[in-house]
Amino acid sequence: MSRVTRGFTGRRRPDDDRKLPPGQYDAGDTWPVLHAEVTPDIDPASWTFTVEGQVEQPTTWTWDEIHALPPSRYQGAIHCVTTWSKFGMTFDGVSVDTLLAAARPLPSARFVVAYSHTGYTTNLPLDDVTGGKAWVVWDVDGEPLPRDHGGPARLLVPHLYFWKSAKWVAGLRLLDHDEPGFWEVNGYHDRGDPWLEQRYQGD
Amino acid sequence: MPAPPPPPPTPTPTPWRVATVVDVVPETARAKTFRLSVPGRPRHLAGQHYVVRLTAPDGYTATRSYSVASAPDDGDLVDLTVERLADGEVSTFLHDEVVVGDELEVRGPIGGWFVWRGDTPALLVGGGSGVVPLMSMLRLARATGRSDLVRLVVSVRSPDDLYYAGEIEGPETTVVHTRVAPPGSPRPVGRLRPDDLAPLVGGDDTVVYVCGSAGFCTAVGDLCVGLGVAPGRIRVERFGPTG
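Residue numbers (my numbering), protein chains in the order written: chain A, 1 to 203; chain B, 1001 to 1243.
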């Protein structure tokens, strides 16, 4: 339970139906950039995406191959652990369900490590990337995803804090156990549900 | 692809604590250091940050992260330096309302990646307010007699924008001015260039810590990679306009 700060009243939230998770604010037209490594410059011609690990058919797609899959769109909000949220985003790409359908997860698969072309990793329960909840995306608001925001392609898991949406994503490794990723071993929460305010270890 | 970094030990979960403001020190026209007394605080690592939470009478809260500027061993005291952002909900409150004696809820220290443990060569490159976590590293190096390990490059628009003026200067430190330089400065004004960093990037055991705006960090990252620094030895902390 937090205690009242002397003199603080705070800004009122926008009076509409957009709901902010606890402790978040609306970043409006800005889209902050926060990542911990050098921004890589990845040529789509050499970009690949792989699903491997506990699957029947490990599969790798090239840039052209993944674009040939049925397209899928996410429209809605994203929430960063640094307390900004952004509404009305449109991302285009492919559903992770489509990719997993090709690779066919084994019954033993229960967790996922998403890994990037930079070496960045983040872990998720398999249930958090299936059932229409996760995408690999390359367009935002109708334009190619900028390099600083993870272009040419990033993972998108908008119901969790945005560090789970790995920039410059290179693949998913399916596991039968949980394996904490980059921020998860650096003090951040294992799951990161913004509605439960799971920001840091112990939340 | 560089190998993922080896996992350091997971920091201990930290509860919210009540800190008391014991001093407020102006650094520049737009930045103040809030010296907090945090009884029983865990020792931080140089480069870590705290979260500050403000609570309104109706229960509305606003939280933001601020880097620690002070060295790890300073008793119960922690310095957080905050830049006042014109439309920042939390930074404007801290600058305009908070006085010595006020209590603030804080949580920390947080972060296990952008940290310097004091025993390896390090090049620190900060833009504007991005110097804050690097100042903690410099202060640690000086306090432990290991200034030889650290080189600091700070990029500021003008001399008036330099944080910790009077303390930050020294044999470890290079100040680069992008718009206005002091009289007699040998370096023409302008953004960081390869020749500013080339003599300092060190060998494979030198970790490069870059902190500043997203644009600054991307530019410095590209500069370092262009100088042959492996991306795996560059650590970046981007300060967003998060208010």
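Honestly, I wouldn't trust all of these hints.
Said to hold, decoys possible - If you want the footprint, here are the derived chain B segments under chain A, 3+ residues with CB under 8 Å: (1) 1029-1038; (2) 1103-1110; (3) 1129-1136; (4) 1144-1150.
Stated by the list, open to error - Sample of chain A residues facing chain B (criterion: CB under 7 Å; computed from the structure): (5) 7; (6) 8; (7) 9; (8) 11; (9) 19; (10) 23; (11) 29; (12) 33; (13) 36; (14) 38; (15) 39; (16) 187.
What the hints contain is simulated information worked out from the structure, not anything from laboratory work. This structure is a prediction, so every number in the text was calculated from the model and none was measured. Beta carbons: idealized from backbone N, C-alpha and C, even for Gly.
Each hint tested on the structure:
| no. | hint | verdict |
| --- | --- | --- |
| 1 | 1029-1038 | violated (count 0) |
| 2 | 1103-1110 | holds (count 5) |
| 3 | 1129-1136 | violated (count 0) |
| 4 | 1144-1150 | violated (count 0) |
| 5 | 7 | holds, 5 Å |
| 6 | 8 | holds, 4 Å |
| 7 | 9 | holds, 5 Å |
| 8 | 11 | holds, 5 Å |
| 9 | 19 | violated, 14 Å |
| 10 | 23 | holds, 5 Å |
| 11 | 29 | violated, 11 Å |
| 12 | 33 | holds, 4 Å |
| 13 | 36 | holds, 5 Å |
| 14 | 38 | holds, 4 Å |
| 15 | 39 | holds, 5 Å |
| 16 | 187 | holds, 4 Å |
Violation of the numbered hints given earlier is confined to hints 1, 3, 4, 9, 11; the remaining hints are satisfied by the structure.
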